[in-house]
Structure formats: structure tokens, C-alpha cells
Amino acid sequence: MKKILIALTFLLFGTYANADCNIKSGSINILANDFPALRTLVETASECKGKADFKVTHSAEHNKIAVPALTANPSEFSVRVAANSSIVPLMNADLIRPMNDLVKKYGKGIQDSQLITIDGKVMAVAFMANTQHLYVRTDVLKENGIAIPKTYEEVVAASEKIRAAGKMKYPYAAAYKAGWNLAEEFVNMYIGHGGEFFKAGSAKPNINNAKGVATLNMLKKLADLSNPDYLTHDSEAIKVEWESGNVAIMTLWASRSGTLLDDDGDAKITAATKLVAPATVGGGNIPAATLWWDGFTLAKNRSDADAEASFRAMAHAASSKEMVAKAADQAVWLVEGFVPGPKSVGVIEAVKMGAKPYPMLPQMGLMHGALGSEIVEFLQGNESAEQALKDVEAAYMTKAKEQGFL
Amino acid sequence: MPNRSFFWFFLPAGLAMILFIGLPIISTGIQSFYAQHDQILVEVKKCDPFGCKVSVVVDQEATSKIKDEKPLGKFNGFGTYIDRNHLAVDQVSEFWGESKSIGDFINKVGNLPFYKALVFTLTYCVFVTPCVLLLGFIIALSLNAISRKIRGPLIFGTILPMIVTPLVGSLVLFWMIDAEGIIGANLQMLMNDPYLSLKSSKTLMWITIIIYGVWHHSPFAFVVFYAALQTVPQEPLEASIIDGASRFQRVKHIVLPHIYPVVTFVALISLMDNFRVFEPIIGFSAEGSAQSLSWLIYDNLVNEEVILFGSAAATSIMTIIGISIILAPVLIRTWREFKINR
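Top to bottom, those sequences are chains A and B. Under my numbering, the first sequence has 155 at position 155, and the numbering climbs by one with no breaks. Take any residue in the second sequence, count from 1 to its spot, add 406: that is its number in my numbering.
Just so you know, these hints were derived from the structure itself, not from any lab. Every clue listed holds true.
Partial chain A-side listing against chain B, Cβ under 8 Å, derived:
#1 S85
#2 V88
#3 A129
#4 N227
#5 Q380
Predicted, not measured: the structure shown is a model, and the values here were computed from it. Even glycine gets a Cβ: it sits at the ideal position worked out from N, Cα and C.
Build out the structure end to end from the sequences listed, making use of the hints.
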């Protein structure tokens, strides 16, 4: 009996020993957003930390910390888990290092499609994809004889029908919180209308046009079908609304489905929740959504030894077949060996429908910021769509001039 | 105290003030006159999991060379101060020319970010400061009049709003006024309007923040007034009672004149605090309807993925100037009285 026990313990620890990548020194300090898939990834990376010092900071405020923390020399973090938008300020300020050598030396399991290359330099290694798509309550739709909506016009019609039936007061929800979230909804809807944010080949804004007006009008229609407090609702708040059964159709991040469909909350609502493709808008054929990747970057102001240790641990996670098998429900992994499950429907459909990635442009952050504060008055009904778009362009131009883009 | 010992006594505090307040303000002032260098952009091929595309990035080699030569950035003079996101000199004069009426002009100017924030900040000051003074004084008077036995616990209860962290206090109220919170839902029922939302209406949101401000700041005024009330001499009060003065007359003619310097002090501090209103806007997620000058600085520094140091510095300097202007009348008056008393 004793021998069997010893053998069993060896077996258990044996698997851990396998995961050890034999890192002898250095220190690893990771800054990442806070959602389940990233926690899984970081845990997987820590399996292989070896003798390196390992620290991690998960924070929803990661965007605010990143630039100052990486500007310091030596920087606070050696790894920054970023996405298409948040890598831009890091590149603008030259805070992350190319990792071609490290990929060649230690990146065996990483697929070529995971590499984010800028002019041939590998600046990030992606491990998951994300987008915003529709979530529907099949029971409510069926009760009211509504087919699953494919366009935002159908979403509006369906929501109006549900409201008219007296079933729900505010049948639609999306993260319309003034600031980053609201601007993201505009970006999605504008791209769905086929809009371009900047005049070709320049940083001059290009949103005050018919497509911009159509975008705002659609956002307003949807907002009128949402909880009146929509300007204060972020992704987490609308998730709570959904779990309380107040909402029948919702636009939400694919990466949030994990906690939405877990065992907490009303089992009936969870069972009736269906993830479907993102909607199109205004007769367009690409979805009104943007594709996102999440990947890791390495801080420039950190020693080479730290960068190497960090890369090896992160590469272990970003190529771990066990991790993607175990956590297949948490994200759409870009790692080899991932078998998409029912929760990946949104992203996979978005890619199939030809969704565009979020624009990775140096001046996009300024546009996003201007959108987040200047279109609020239109939604509140205090301003015309044209005036709101004019304000966005003016606010953007002023900031872009100060930053030297114009 | 002889001047010499005063100097040595004041030296450590003075040094700390220069180091931690004076120098940062000077540095902020310098920063506000600079903008970023022109960005040098190059077209490169970018590849990600969704495909490859030719688009622009910042040319790091060229940029770092310019940055090493002039680390502060490009000298911009008052450029940042007068641009659209601050004083908007060009826009205001343009509006003046094209507006048909004063109302139209005010509307257009009120739509500019700096003036929008200024209007809210001033409104907040104008409403909150007098209310705080009045409420604090009334509470202090009434607590001073009740039995000593229950005074202790009551005083503690009264200063609770000040003990509660501003952010927590505003969050509690934020949840109460939610469309499904206790205040929000009851208001909807009372008004018989299912789409009524305190958070989406600008006016209601302003009123909520102002009420919160009064609730949060009154205890401070109360504590100071209460302490001052303890120093009011009893003899004149007793004499006035014998003369047949009413309660109101006693307060007006004896108590108020006695604690007048303290009232000035509380008014000064409240004005300064209120001009920098910030936490309730974050706590109530009220960015959409209410923006203050402090919030603008915060927005420039953290809400954008690109940090706008020049903009934030310019707004900071203008906030300091704004506070000085607001405080000037009170300060001048105090100074005159000081001279007369000497």
C-alpha cells in the first residue's frame, strides 16, 4: 500500500516536473487584465517558472498602469498581456522589445499565425481571439415567435416586440458606459456600416458623414430599448442584468461567456442562453463587430535575462495543448490543438463573416477617447447627430495636434 | 516669537512645502507650455492572427533621436491653453460672430469641454458651499442645545459622512438611485414613469451630486462650528436673555459675530474643496452628464491610451488660477480686517 502511494505521488509530481522549463534565474512579473482565460494562462505559465521569481498583477485598470509602469527603467513588469488596442501606446512610446531571437530559440510550440509582426519584428505572441457578439434568450424569443436576429434592425424589431408584449421593460443590453465602452460600441457599429475612421493615408478624422449619422441613430434606437441607466453600464453590469433575467438580447464580449454560463445564478436562464453570430447593420455584409487578439509582450526596460525567463514561461503557456484542452470553455484559443466548443460560436462566426480587426493605428486611441465623451449628449437627446460628430472630430483634432499627429 | 526662532521653527515645514508642492507646480507649469514632437510615421507590413495589412507605425529611430535632443517636447507657448479643449479662443470668437442671440452663444460655448466642466464646477461650488455652512451651523446649534448625556453618540453619528471614504459613500448612493435601487425604483413608481432614470438625466444627476456633496461636507463645518460655539462667553448671552432677546436675536447679535472668523475659515476651505470636486463623479459613473475641472485632468492622464501631459498640465494651472480668483475676495477681506485690528 505504502509503495503504491509513493508511486502515485511520484506520478502526480512527475507531470509537474515535465512542465518545468528548467528556468535557472531571472524574474518574471506579469501585468494582465482580469478575466478567467487570462488567469488560466498565467497559472499555466507559473507551472514552468523553475527557479525564477514569479509575480503577477491582474487588474481591470491595466490600461491605466501599463504605460507608466513600463516607462520606468528598470520597468515594474517584464510581461504585459495586451490586445490590439493596448499594444499601440506601448509601441508608440517604444516600451516593448522585439522577440524574434527568443521565438527562434524557445518558441517551438508557437504557431506562425500567433505571431504579431510589425515590419518583420515579432512584437507580441497572441494566444486568444475575442469579439463582441449577440447573446439571446431562446425561451423569450420562442414565446414571442421571433427568429434569432441576424441584423441590428432585426434586434430592434425583436426588442420592440418583446417590450410590447409586456414581457420585459428593457429587453436589450450592451455596455454603453460613457467612455471607453461606449466608444467601442460606436467603433463596432461604424465598421458595420463600412466606415473608415481616417482619411486615406493621413491622421485626419473621417467620421462626420452619412455612415456616422446612421451609426449614431442605430446606437440611439438600441439605447432606447435598454435600461435607462445604460450610460453607467459596463460589461460586468449588463452581465448582472442578464443573470437577473431582465434582458432577452445582448451584445457582449465572447470572453465573458465563461462566467455568464457558469453554475452561479438561475439555471433556467443559463439553459436558455444561446450564443450566436454578431449582427450586421444597414444592409452591410460584414458584422458590426471588431476582432481582437490577446497576446503577451515583453518590456524593453528590463534585463535580457528577465526577458528570456519571461518569454520561456509565457511561451510554455501560449503553446500548451493541455491548457487549451482543459480550458476550452474559457476562450477561443489560438493555440494548436484547440477544439472549438459551443462558446466559441461568436468569434468563429465573426471570422467567417469577414469581421475586421480593431484598427491598430498609432492615433486610434485619441479617436476612441474623443468618441467616448463627445457622443453622450446625442444619446441623452441634447444634441443632433451631426453636431455630436462635429464635436468628436474637433476634440480629436485638438488632441492629435498636441500629440504631433497632425 | 522672535523672527529668528520663527525662521528655524518654520524651516522644515517650509522646505517640505517647496519640495513637494512648490517644485511640482513649477514643473507642471513648464510642462503646460510644451506639446509632443511631430510624430514621424512610416508604412510597414503588420501581421496578426487575422491577416496581414500595410499600415502606419511611429518610426522609433527617428523619434528617439528628436526626443534625446529635446526631451520636453515641442515648445508650444500658450498653444495648449487656447486650443479647443481648453479656453477655445478661436471657437468662442467664431461663435460670437455667428450666434443670433446670447442664449444661442452660451449654448454653443457650454458645449466646449473646458467651459462645460467649468459650469459644473462653479454650479457645484455655488450650491454646496452655502448649504454646507448653513447646515453645519444649524446642526452645531441644535447639538449644543441638547442634553449632555446623549450629545456624544449624536456627535459621532453626525460626523459619520466625513468618516466614510468619499468613494464608498458615493457608491452606496449610486446603488440606491439605480433604476432598480430603493430610491430609483420608488421614484419611478411615484412619478409613474418606468423610463425615469436619475443617472441618465443631466439635471437629476447634478442634483444628486450636489446633495451628496452637502451630505459629505457638512460634518466638517459642523465640527468646526461646534468647537467655536464652546468659546461663546456666557455672560452676554445671559444678559441678553434678561433683556428679553429671542433665540434668533441671540444667535444673530451675539453668537454669529463671535464665531465670524471661523465662518470665514470654513467658507475658504469648503470653496477650495468644492472647486476640486472629483470623487463623486467617478463614484456615480457620472462622466456622461457631469464633468469637473479635476475630472478633465484625470481624463487626460488616464482615460486615453495616449497620455496628454500638456493638456493635463494646462488644466491644472488653470484650476489653480481659478481657485485663487474664487478665494481672492475672502482673502482680501481677511487681510483688511487683520490690518485694522493691528
